[in-house]
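Colleague: Chain by chain, the residues run as shown.
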Amino acid sequence: MPELRYVDALTKAHHEEMARDERVVVLGEDVGRKGGVFGVTMGLYEKFGEERVIDSPLAESSIAGVAIGMAANGLLPIAEFQFADFIHPAFNQIVSEAARMRYRSNGGYGCPVVFRAPYGGSHGTALYHSQSIEALYAHVPGMKVVTPSTPYDVKGLLKSAVRDPDPVLFLEHKRMYRLVRGEVPEEDYTVPIGPAVVRREGTDLSVFAFGWMLHEALQAAEVVARDGISVEVVDLRTLKPLDKETILKSVAKTNRALIIYEDNRFVGFGAEIAAIIAEEAFDSLDAPVMRLAGPDVPGIPFSKPLEEWFFISQEKIAQAMRRLAAY
Amino acid sequence: MASKRGGAKVRAERTPAGPDLASSVPWYRLMVLTRRFEDEAERAFRRGKIGGYLHLYSGQEAVAAGFLAAIRADDIFFTAYRDHAHAIFRGTPPQAVMAELFGKQTGVAKGKGGSMHLFDVPRGLYGGYGIVGAHIPLATGAAYALRYQGTDRICLCFLGDGAMNSGSFHEPVNMAAVWGQDGMCPIVYIVENNKYAMGTSVDRSTVVTHLASKFGLHGIENEQVDGQDFLTVRRAAERIVARVRATGRPYAIEAITYRLVGHGAADLFQPYRNKGEVEEWKQRDPIQILERELHRAGVLDDAQVAAIHKEAEEKVAAAIKYAEESPEPPPEELPRDVSAQG
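Just so you know, the protein sequences line up as chains A and B, in that order. The opening residue of the first sequence carries number 1 in the numbering used here; numbering runs sequentially from there. The opening residue of the second sequence carries number 1 in the numbering used here; numbering runs sequentially from there.
None of these hints come from the bench; they were simulated from the model. Bear in mind that the values here come from a model prediction, so they are computed numbers and not experimental data. Please note that a few of the clues may not be correct.
[Unchecked claim] Covered stretches of chain B (chain A as the covering partner; in silico rule of three or more C-beta atoms under 8 Å from a C-beta of chain A):
# : region
1 : 99-112
2 : 115-129
3 : 140-150
4 : 295-306
5 : 327-339
Ideal placement from N, C-alpha and C gives every residue a C-beta, glycine not left out.
Chain A with its partners taken away, still in its complex shape:
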């Protein structure tokens, strides 16, 4: 099985889905001739032509809006936002129209659109190119939110997202594009939207993470294992619909929960997981549920030391793991 970078697995998924189904179109800023700001849509324009790979004007609200109209009318659009930070002008379209189309039409019109957005901080990406936005959309009934963390999953989940009859927000942590590698089958396969997966078995505490944070958590688990702390690491993969069963099963096993997310801590996605554990696994807990998340500042700052202060490093995670294990 070939080993691919995350970005290449994603590109392959686009190629395969477009070849499989003529209803699939890709639109967004520079997705065509340039091949996308991160190179995700490389080669699509040459292969499938400009009717199917549409270089749109810089108008995020309407990139979402026209994609919704296409989706309601028989196409399977994949709309790319160059950065998750740029999706905000499209908030109304996604929340008011995409998420609501099926409900308000008694199931008459579905909205099978995929909104793709690279999220999260990398080095020096700063205030307007670093944001995590998952909580804003996971809050909205009618939306699905997917955050794959491996090349295998990103290919399989993109295929599921394209084939899903409802709108899916597909979030790719930009650090993973070229850093994360893994085996990816050549053949067609899907990874279902919904199920989480245990990436590392453990007995002392459970970590719940997704995207880039999963990789940091796996490294930290390795470090604390040397001190005899056995950490179970759960990759959520899909944030909505959320796989409560896997979360509760893991907590029942380890009796301790650490939730990691890069978004600002307050009302972040991890708060929902903490609430679910408190409501449904209270009797299993030997320690308070712990959250490790981004500080509540309005953006990830540019300066190196400030940025490091913001980021959730392996060291910070290992420290939290030790604290929770010792409780």
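Once you have looked at the hints, place chain B on chain A.
Modeller: Only chain B this time, still in chain A's reference frame:
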């Protein structure tokens, strides 16, 4: 193409080559029906039978009627929130529209939508939309899909004058113009300029009060039309629809019209306009204009007019009765159709 950009023309098409007058009698009947429908809906609102918001179309009928008379059964359309007449003109049963206004299970959206959010899947009504301007990109994308699928179907997008000051107007219209160069955007944008965005007049919202010309800035051909005259609107619509269907290029029309009623049923005093202005426009009531024309042409007589009015009264009375007697949606309806799985 450059030579055609931006040139708005006011057209008066009163040529004998226009649509057969006899075929406009059913549209007269529908306009009388929707006027009665709106009047009775307002009464039901006053009686507390209809809650929330209620926006009536009285005075603007010739615009939607003229365009919906010109499209095919397999064409599609999007509109804003003043949408009752659009649905009824297209053939949605009045009782299903009235039941929706009453929030009943038998309404077109099973009571989930109400007045502003009608839908009719089989008839190609992709919705009345409650966020001003938000439907313009949707309609534009839907038009692209029609051409992408290799059909010669077209999309109509009705919008109000107020929507044109939002970004959700300029963005998709610009895209439509770009796609239209390749024949990939068969859409007609129909601006219903009724002079007021709620209570703020057009000239207090924009310096460019010739609204059609704004499409010209984006390279879309455009014109104005007298929106009170059904026959004129219909003739323009037939010409424009044929052209858009043939070229796959967007086209825009600004229909100059007037709402004879308040913005919503709760807009009782209308301090933003004077009574004299309303009285003046009542002299240009689209139903009376069409009635006179059909009369003059000898395709409609007094007895028919009386019969049509009586029929409208009966149909609307039946719609009210149906809505009143229909059941409320059951609690199971609440979580239904959130996603395809449930």
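Colleague: Now tell me, hint by hint, if it's right for this structure.
Modeller: Tested hints:
1. 99-112: holds (count 3)
2. 115-129: Our answer is that it holds, as 6 residues pass the Cβ test (under 8 Å) against chain A, meeting three.
3. 140-150: holds (count 9)
4. 295-306: violated (count 0)
5. 327-339: Result for this restraint: holds, n = 4.
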